[in-house]
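S.K.: What follows is the residue order along each chain.
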Amino acid sequence: MASFSLAAQALPGLAARVRAGPAAWSFAALGSLAVGVYFLLSPDAQSIFYVVLGFAAVAAVYVGTIRNLPRGERLPWHLFSLGLLGQVAGDAIFAVYEVKLDREPPLPSVADAFYLAGYPLLALGVFLVLRRLGGQATRAAVIDTVVVFCGVALVQWIFFIDPYNHLHFGNESARLVSMAYPAMDALLLVAFAQLLVGPGGRTVAYRLLIASVALWVVADEIYGLNAGSYQGGAWIDALWLLSYVAWGAAALDPSMARIAETDRRRMPRLTRSRLLLLAAALLTAPVILLVERAAHHSVHAYALSIGGAVLSCLVLLRLAGLVRAVERAGRAERLARRESEQAQQLLSFQNDQLRELDTLKDEFVSSVSHELRTPLTSISGYLELILEDEQDEQKRNYLGVVERNAERLLGLVSDLLFSARLQGGRLELERTEVDLSTLVRDAVESATPRAEAAGVELTLAAENVPPVSGEAVRLAQLLDNLISNAIKFTPTGGRVAVQLAPQDGLVRFEISDTGIGITELERERLFERFFRSQTALERQIQGTGLGLYISKAIVEAHGGRIGVQSEAGEGTTFVVDLPAIS
Amino acid sequence: MSDAPLILCADDDADILSLVSLRLERAGFRVVQAIDGDAALEAARSERPALAVLDVMMPKRTGYEVLAALRADPTLSDLKVILLSARVQEADVELGLSAGADAYLAKPFKAGDLVDKVQELLEA
Chain A
1 MASFSLAAQA LPGLAARVRA GPAAWSFAAL GSLAVGVYFL LSPDAQSIFY
51 VVLGFAAVAA VYVGTIRNLP RGERLPWHLF SLGLLGQVAG DAIFAVYEVK
101 LDREPPLPSV ADAFYLAGYP LLALGVFLVL RRLGGQATRA AVIDTVVVFC
151 GVALVQWIFF IDPYNHLHFG NESARLVSMA YPAMDALLLV AFAQLLVGPG
201 GRTVAYRLLI ASVALWVVAD EIYGLNAGSY QGGAWIDALW LLSYVAWGAA
251 ALDPSMARIA ETDRRRMPRL TRSRLLLLAA ALLTAPVILL VERAAHHSVH
301 AYALSIGGAV LSCLVLLRLA GLVRAVERAG RAERLARRES EQAQQLLSFQ
351 NDQLRELDTL KDEFVSSVSH ELRTPLTSIS GYLELILEDE QDEQKRNYLG
401 VVERNAERLL GLVSDLLFSA RLQGGRLELE RTEVDLSTLV RDAVESATPR
451 AEAAGVELTL AAENVPPVSG EAVRLAQLLD NLISNAIKFT PTGGRVAVQL
501 APQDGLVRFE ISDTGIGITE LERERLFERF FRSQTALERQ IQGTGLGLYI
551 SKAIVEAHGG RIGVQSEAGE GTTFVVDLPA IS
Chain B
1001 MSDAPLILCA DDDADILSLV SLRLERAGFR VVQAIDGDAA LEAARSERPA
1051 LAVLDVMMPK RTGYEVLAAL RADPTLSDLK VILLSARVQE ADVELGLSAG
1101 ADAYLAKPFK AGDLVDKVQE LLEA
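In the order they appear, the protein sequences are chains A and B. Quick note: the first sequence uses this note's numbering, first residue 1, plus one each step. Quick note: the second sequence uses this note's numbering, first residue 1001, plus one each step.
Misleading hints may appear alongside valid ones.
[Said to hold, decoys possible] Residues from chain A that keep clear of chain B, each with C-beta distances beyond 10 Å, as calculated:
no., residue
1, Y230
2, S273
3, R331
4, D358
5, V365
6, L376
7, G381
8, Q394
9, V401
10, A462
11, A472
12, Q503
[As the list claims (entries may be wrong)] From the structure, some residues in chain A lie toward chain B, with a derived Cβ separation under 7 Å:
no., residue
13, N171
14, R373
15, E384
16, S484
Because the hints were derived from the structure by calculation, they are not lab data. From a predicted model like this one, the values you see are computed outputs, not experimental measurements. Built from N, CA and C at the ideal position, the CB exists for glycine as well.
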C-alpha cells in the first residue's frame, strides 16, 4: 500500500487514471502480463491460453457495456462482443485441431466462417459509434470515407488480394476465403481511419478503441504478407492478443460512456489529420506504382489508373465542396453587409424624418400660439382701455367677467402649448441659481387678490433656504400653478398655507389647503394629462387638467419630486422637494 | 407736442396697430404707423423715429427682416427697436434679441409694460 502511494505521488497522471477506471486498468495490466506469459507456454497450452484470453476480452466488453451504458445505447458494443466472440470461436476451433488432431484446420474450415463473420460486426460497431457522434452524414464526411475506402481498397487489392490470383490452390474456395481476409481488413482499416479523424473527444476508452483496431489490422496485414510462413505462437500473436486486451479495457473504462460526446473542433472540417489522410489517399496510386517498379513486380496498370483517377476525382469533389462553402460564406457576408448598410441608410433617413417632424411640430406650436394670441391681444387690450374709462360700477363688473375669462383663455392657450411641447420630450431648462424664497413670496403676493376674492385665507411661512439650480420662469409657473389650484379647490372660509423650508440638502415647498380633497383612487391619476377629479367636475370648478401634469414635468426636469397627501373632504397637501445647490 | 419723441408702430393687424398707437399717444409720444414690413422700413428711413415697435409676423418683410435692414443701415444704427410678438417661445425671444432687438414684448401685452419699456429705452 505504501509503495503504491509512493508510486501514485510520483506518477500523478497514472494515479488519476487508476482511480478513474480501476477495472479497465487492472484488466489492461493483467492482460498485458498474460500476453507475456503466453510466450512461455508449450504450443498446446498456448492454443488453449489464447482462447481463454480472447474469451476474457469478450466477457470484459460485455460486462463493461452493461455496467457503463444505459439500455438503448449498447448496440455498438454488443456488436464488438459478438465480433470478438466470432474471432474467439474461430480460435477455439483452431485450438481443437491443434491440440486434439495435432494439425492446423483445413482451408476453408468452419473456423474461417467464424473469423470472417466477426469482421463486419466489428467494423459495423465502429461505424455505429462514429454515427452516434454525428457529423458523419455530411457530404464532406461521406466523401472523406469514400476516399479512404478507395485508397485502402487499392492497397489491399494490389498487395493482399490480387497475389492470390497468381498462386496455385488446391481448390477455388480456398482461394476465395484467403482473399476474403484482406477484403475484410479493408473494412477495419477504413474504420480505423475514421476513428483517427473522427469527432469523438479523445477519452481513454476512445484511444483504447483506436489502439485495438490498429493492433488487429497491423497483425492481419503482417500475417497477410507472410501467410505461408506463419506458425502458431509467432510474435505477431502478441498483437492480436493485445488487441483483445485493449478492446476489453476500452469497454471497462467508464469514459466509454462519453465516447458519443462530440469534440466540436473535430467535426469534419479540414483538420490537419483529415488533410493528411486525404493526401495519403491521393498519393496511394503513385506510391504503389513506385513500389512495384522498385520491386520489379509487374505493374497493376488498370487497377492503379482506375483507382488513381477515382481518388483524384473524389478529392477534387471534396475541394470543390470546400470552395463552394467558402463562396457561400462570402456571399452570405456580402449580403449581411449590404443589409446592414441598407438598415443604416433607413435609420438615418428615419432620423432625418424625425428631425423634420420635430421642426414641423415646433413650427406648428409656434403658429398656433401666434394665431390664438393675436385676437386675445385685441380683446384684452381694448378691454383694458374701456375699464380705465368706465365709471359705471355694474358695467365695470360685467367687463371684469370678460377680462377674467380672457385671462383664462390665455392661460389655457399657454398650458396647452406648453404641454404639447412636453409631449415632444424632456423639458429643456435654462438654469441659473434661483432663490426660491423670493419666488415664493412673489407668487403668494400675486395670488393674494384672488384668495381674498374667493374668501380664502392665504398664509406664508418661508424660512431662509439654500438656492436651487433651475429656471426661474418655470419655477414661478410651478408655484403659481400649485397656489392657484389650492385656492380654486378651497371653499370660502377655508385656509391655504404655504411653507418653505430647507430639508437635508433639499428645499421643501409645501402647500396645504382645507379644500375638497382627493380620493385615493384619484391620487394615482392626479398627475396625468387632462385628468380632472370627479368632485371638480361635479362642483364645476374650472380647469383643463393640465396644471398638475405641467407641474410634475417642471419638478422632474429640475431633478426633484412632487407628492400629495390627501383625504377626501379633509383637504390636500402638495409637497415639492428640489435639490439644493450644496 | 412737436418735440415729443416719434415712435414707429408696425403691425399688420389694424386693431392691434390702433391699440399700440393709442397707448403710446396717451403716454405723450408722437406715432407713425406702418401696416407691413416694407412700409415700416420706408417710414423708418423717411420719418427718422426715435424708436420702433415692430410686429414679428408681417407680410412683405417680417419684423426680423426689417430689424436686419435697420441694423445694416449706418444712418439708422441708433434707432431703438422693440419686437412685439405673439410668438412667445423661448427660442423666438432668443432669436429676436440675438437679431439685435433692444427688447422683446409678448402679446397680449399690458399697456403699462409697453409704455414703461419705451420710456426706459428712450431714456437710456
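S.K.: Hint by hint, which ones does this structure get wrong, listed from lowest number up?
M.R.: 5, 6, 7, 13 and 16
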